[in-house]
Amino acid sequence: MKGAEMIIPPLFICPISLDLFRDPVTLCTGQTYDRSSIEKWLASGNLTCPVTMQKLHDPSIIPNHTLRHLIDQWLNSGTQNDPVYLKIVDCDFSIAAIKHNLESNESALENKLEILEIIHALADELPLQNSCLIQLDFFCLLLEAVFRNSEGLHFQENLRFVEKALICALKLLPFSDLGSLNILKEESKFAYFVLLFEKGNMAIKKSLCHLVEEIAKGLDTKELCIKLGKSANLLQEIIHLVHNNSEAAEAGIKAISAISLIESNHEKLVKEGAVEELVEHISKSKKHERSSAPIAVSIIEKLLTLECAKQAIINHPSGVNALVKLVFRVSDHEGSESAVNSLLIICFDSETAREEAISSGVLTQLLLLLQSQCSGRAKTKARMLLKLLRSKWNEDSKHAL
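Residues in the sequence shown are numbered from 1 upward in steps of one, following UniProt numbering.
Rather than coming from a laboratory, the hints here were simulated on the basis of the structure.
Yeah, the Cβ is synthetic: ideal placement off N, Cα and C, and Gly gets one too.
Fair warning: there could be bad hints in the mix.
[Stated by the list, open to error] Here are the in silico distance ranges between beta carbons for each label pair:
1) 120 to 262: 39 to 45 Å
2) 226 to 51: 16 to 22 Å
3) 230 to 127: 33 to 39 Å
4) 126 to 314: 47 to 53 Å
5) 160 to 63: 37 to 43 Å
6) 263 to 317: 24 to 30 Å
7) 117 to 359: 22 to 28 Å
8) 202 to 376: 39 to 45 Å
Could you put the whole structure together from the sequences, leaning on the hints where they help?
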């Protein structure tokens with residue numbers, strides 16, 4: 001395609017030569033020029049930025065690799081006149097304009113919401129198109145915008161922006177660097193993160209729970225996951241989602257599961273009442289329905305390394321019964337192994353737990369599980385529990401005599 005036939009996006013045009021960038025470089029003022037053009041300008045004795053006319057306190061020039069990559073991608077794509085791509089680099093909706101609108105406290109809320117609609121539409125076509133959103137790290141940009149407490153906006157008004165921005169960020173997340181989430185290590189941003197859990201609507205809370213899941217996945221964000229587990233207020237808010245059995249309950253359980261991946265977080269989870277709420281959730285789940293109960297019991301299994309977690313199960317009126325409930329399910333065997341293993345741990349030292357398990361029908365559940373198509377590991381655990389209950393029953397009977 002000849003240059004004259006191409007519609008060059010304004011972002012790709014050097015402000016001095018008014019031609020397509022060949023070797024874009026950036027000055028200390030943040031303005032980008034073609035290397036040959038700016039070098040001629042500086043060689044002529046000019047000590048200012050051609051666009052802003054600011055005096056250059058540092059005359060060095062830095063290659064703009066990101067812009068160079070975008071231009072090369074655009075030239076090689078064969079879609080130089082593609083309206084979707086041009087939408088993001090068009091003058092009115094250029095990267096710089098979007099960045100400015102998201103970062104500025106002076107931008108009108110409605111303008112910011114319109115910008116988010118554009119980002120949302122463009123993100124829908126990833127990864128086949130609009131990779132500039134990833135190259136320019138819009139994920140990090142959106143996180144900065146969300147967790148920067150916008151003083152110019154009323155908190156409730158800002159929630160409209162936060163809700164949409166988080167949805168956009170989650171769309172970009174699979175293609176982005178999880179390390180960007182480490183901005184939440186900053187105390188002000190972390191405090192706002194917790195505040196959004198406290199004051200946000202259900203959509204916001206569900207999105208935040210998804211972020212918690214992602215934080216737990218990465219090695220680079222392990223320290224942040226530990227920080228999450230140390231925040232009593234945050235854990236209370238997430239556990240409260242499960243307590244209310246709200247539309248965000250499943251997201252809350254997955255967030256708790258993510259936080260529990262770090263062993264040092266276990267004690268705090270138990271202290272803040274995670275075990276009791278997970279038991280309640282399992283008790284309320286219907287046997288024939290696929291639910292988040294298997295995730296809940298797997299969390300309990302992990303927490304049972306702590307004596308306080310064992311006591312929480314034993315002391316809860318429905319604790320042992322909830323575990324028995326998940327030993328065998330007709331619809332699937334998800335959670336069976338965790339339920340059986342949890343009962344093994346609980347029943348080993350507690351006669352009360354053994355009596356409750358038997359009265360709740362654990363023997364029948366175990367026999368049904370052994371006749372099912374469950375995993376070999378689950379069957380092995382089931383046999384171990386049956387053996388334990390039989391031997392302990394004999395011991396308990398002797399003591400009774």
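Those earlier numbered hints the structure runs against, lowest number first: Structure breaks hints 1, 2, 7.
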